[in-house]
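Taking the hints into account, I'd like the entire structure generated from these sequences.
These protein sequence lines map, in sequence, to chains A and B. Heads up, the first sequence stops at 451 in full-length UniProt numbering, and the numbers go up one at a time, no gaps. Heads up, the second sequence stops at 451 in full-length UniProt numbering, and the numbers go up one at a time, no gaps.
Incorrect hints may appear among the rest.
Identical chains share a label here; the pair holds if one copy fits it or two copies do between them.
In silico DSS-like links for lysine-lysine, alpha-carbon gap of 25 Å or less [what the hints assert, rightly or not]:
no.: 1; residue 1: Lys309; residue 2: Lys173
no.: 2; residue 1: Lys383; residue 2: Lys368
no.: 3; residue 1: Lys231; residue 2: Lys140
no.: 4; residue 1: Lys45; residue 2: Lys340
no.: 5; residue 1: Lys302; residue 2: Lys156
no.: 6; residue 1: Lys231; residue 2: Lys309
no.: 7; residue 1: Lys360; residue 2: Lys386
no.: 8; residue 1: Lys32; residue 2: Lys156
no.: 9; residue 1: Lys90; residue 2: Lys360
no.: 10; residue 1: Lys45; residue 2: Lys145
no.: 11; residue 1: Lys180; residue 2: Lys145
no.: 12; residue 1: Lys309; residue 2: Lys234
What the hints contain is simulated information worked out from the structure, not anything from laboratory work.
There are 2 protein chains.
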Amino acid sequence: MLAALLLLSAFATQAQNHEQNLRTIFDEALTKGQSYPMLEYLSLKIGHRLSGSPSAAAAVEYTRQQMESYGFDQVYLQEVMVPHWVRGQKEIGRIVNSKFGSQDVNVIALGNSVGTGPEGLLAEVIEVQSLEELEKLGKKNIEGKIVFFNRPMDPKHIHTGHAYGGAGDQRVKGPSEAAKYGAVGAINRSLTLAQNDTPHTGSLIYEEGVAQIPAVAISTVGADYLSRSIKANKAMKFYMETHCEMLPDVLSYNVIGELKGSELPNEYIVVGGHLDSWDVGDGSHDDGAGCVQAIEAVRIFKATGIRPKRTLRAVMFMNEENGLRGGNEYARVAKEKDEKHIAALESDSGGFTPRGFGIKSSEETLAKIQSWSSLLAPYDLRKIVKGYGGADINPLEDQGPALIGLMPDSQRYFDYHHTTDDTFDKVNKRELELGAASMAALIYLIDQEGL
Amino acid sequence: MLAALLLLSAFATQAQNHEQNLRTIFDEALTKGQSYPMLEYLSLKIGHRLSGSPSAAAAVEYTRQQMESYGFDQVYLQEVMVPHWVRGQKEIGRIVNSKFGSQDVNVIALGNSVGTGPEGLLAEVIEVQSLEELEKLGKKNIEGKIVFFNRPMDPKHIHTGHAYGGAGDQRVKGPSEAAKYGAVGAINRSLTLAQNDTPHTGSLIYEEGVAQIPAVAISTVGADYLSRSIKANKAMKFYMETHCEMLPDVLSYNVIGELKGSELPNEYIVVGGHLDSWDVGDGSHDDGAGCVQAIEAVRIFKATGIRPKRTLRAVMFMNEENGLRGGNEYARVAKEKDEKHIAALESDSGGFTPRGFGIKSSEETLAKIQSWSSLLAPYDLRKIVKGYGGADINPLEDQGPALIGLMPDSQRYFDYHHTTDDTFDKVNKRELELGAASMAALIYLIDQEGL
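Here it is in structure tokens:
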């Protein structure tokens, strides 16, 4: 009985200790936080940073120096060869010979797409709502045409990520699927719930052995206009001209900074984001925010003197957007070195107010993390649910760590995602800081309690 | 046993019914919602609408017509005399004779303040951090000077409303407290966590029998600069010139729209916001958002055919900002008519993503509302806590209804609050819609289940 009481009292003391440390973590982030000035540098001084670009190299060096400057125990680069896709000069999209006359519309080449070259591509357009529709239409209706994938994201989803997931196949797989039926090009309705004239890029994946056709995204307003134009005159044509191309792979790096664990230094907790961004806007939300939050989460331990038992690793993954080479390489090396990863936490859903965490793990691990709810609720982290960790940490799955995604409010993310509008002014300082503190808080609890 | 089983099955059916109706409510708001176009009209065609202004009258007429157009059972105006404060020509604030030279700084008169008139006011400045400090300094240090209240909002609060609450006494009571010690004017650090050069207005309340001194707010950047200037040269003076004045009261209105209850028409559920705004920006977040959400919440019932048992009332309260006359009059009339209000729900914290509800009620009522958590969680309404309802509904307190405040994410609210930056472009369509749907969802459950 006495033993039980002592144990109970030890638990209570421990919980109180956790409570105080979480408060310390949030206070540090909200009063002396470095995430916002770091993001300002990354976004405004370096700017967008597609894999293989000089600015991606600058981002590697900047984040390396920052982690050094904060006194992390070890900061190093992990080599990774990355694809080097370049957009070239600005795209042209033009509705030709429609009932409403000719009209230029805003388009943006999809990442990894081949270009049309200067001669451009002029063809009739056939609109579809799904990949399945292609089969029904068959070669006779599709051959020689541009396929226009126009299924919108479904606004009825509360979490916009689900709406994105429900429409994304058109962009990723659409061009190759269309090419199988003889299509000569693809136009994709931009993946956003916003109704405006800004097109959204993002990667396509060409299927091996299928003809590679050029593909562009059109804005939501443009998509509606194009759809009306086709209905009014089926003989209408579309002219697209893109100058993008895939160059040879380039040597780049994941950037890794560590705080050594005091008791279990060979157990690793990863906290990360991806350093590359699309080549428009400045990638502030996708995923500059995640990178600076990951660095900040580890910096907070150093600055507040909260000593981790296990080794904390901030990882800036390279090439999430069009290849995932960084995430794959990190996992490969971790396996090769037989490193024991107990958890990996990624922030790649924008720098908005955090609402909780999505967790991919065993039921027991999920339940254990959920058991910390009362410690996290004062910070309005109230959504701790089964979910997806993140693209860069997902390759670690077979090595067993809990894969966890920071879950910020999702409403504005796809307003900016992969566009010229993903810029620093769209990030609220406190929202960014709260995200960083939330990440630090969760890795603190994982470190202290184990998983 | 059979009876128990039947009862259990009736409960299950009812819960399923609720689940479906909540889904219907959110689908309506997210796919056919009217809150955003209503707010666009209110903000861009009518603009800011301080009590007593012609645009406040336009807002009364617009919201009346909108509720009529949606086929509410009854729409009517409730007379209320409101204060008529006018700002007059733009304020001047000037640091004079400082060590750094003279410098104009952005200031804005506090609402209800007397003006300096064209002759302006020139005096030395004494900086304080609290009302208590005034007593310590005493008349000998304060008399003839301008008191500069410079205690910042505390960034360590997670909910920014708490930070606002912790600093607001300086604005509301500061000028009269300072006047008791012979101060001739007051300058208030703007109530915001943002560090920029935009000053925030808001009302002061003059204490009866105390000399009324002119008061302005200075931006946070300006406040820091002024503080440094005083430290560098205590003999520095400040020149302020304001042209505001209080004119005679004006006849205005609360605007009320009803859907009649099918079973208990004499029980009322109020859903509201306040129609007046400060005379800068266009009052989109404070509180155009709340008004259009309240109308939308009731419209959703009408549009989806969900028939309420009790009478639902959308109320556009007039004069929250500088008098609360509308809220007081509404409560007075309700009491006079002996109307039974079971709940009142106000949205007056901005049109941001809803996170839950703050509830001022008995413990039993709070527990009952919390028992609906599993119905609300799919909409990410996960914070259902004891709290404050809202300024306009608070006067109903002694009549017994649950007073409930919609709780949107609070991080950006005080970036815009009471400034030229509170404009329509700061409102995200889906965030606004989700707030309206959340209000409809909660009044639906209250209507169906009672309180």
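Against the structure, the hints come out as follows:
no.: 1; hint: Lys309 / Lys173; in the structure: neither (44 Å within a copy, 50 Å between copies)
no.: 2; hint: Lys383 / Lys368; in the structure: both (14 Å within a copy, 21 Å between copies)
no.: 3; hint: Lys231 / Lys140; in the structure: within (19 Å within a copy, 82 Å between copies)
no.: 4; hint: Lys45 / Lys340; in the structure: neither (37 Å within a copy, 61 Å between copies)
no.: 5; hint: Lys302 / Lys156; in the structure: between (43 Å within a copy, 20 Å between copies)
no.: 6; hint: Lys231 / Lys309; in the structure: neither (64 Å within a copy, 46 Å between copies)
no.: 7; hint: Lys360 / Lys386; in the structure: within (6 Å within a copy, 33 Å between copies)
no.: 8; hint: Lys32 / Lys156; in the structure: between (39 Å within a copy, 11 Å between copies)
no.: 9; hint: Lys90 / Lys360; in the structure: neither (40 Å within a copy, 57 Å between copies)
no.: 10; hint: Lys45 / Lys145; in the structure: neither (43 Å within a copy, 45 Å between copies)
no.: 11; hint: Lys180 / Lys145; in the structure: within (12 Å within a copy, 82 Å between copies)
no.: 12; hint: Lys309 / Lys234; in the structure: neither (67 Å within a copy, 52 Å between copies)
Of the numbered hints stated above, those contradicted by the structure are hints 1, 4, 6, 9, 10 and 12, listed in ascending order.
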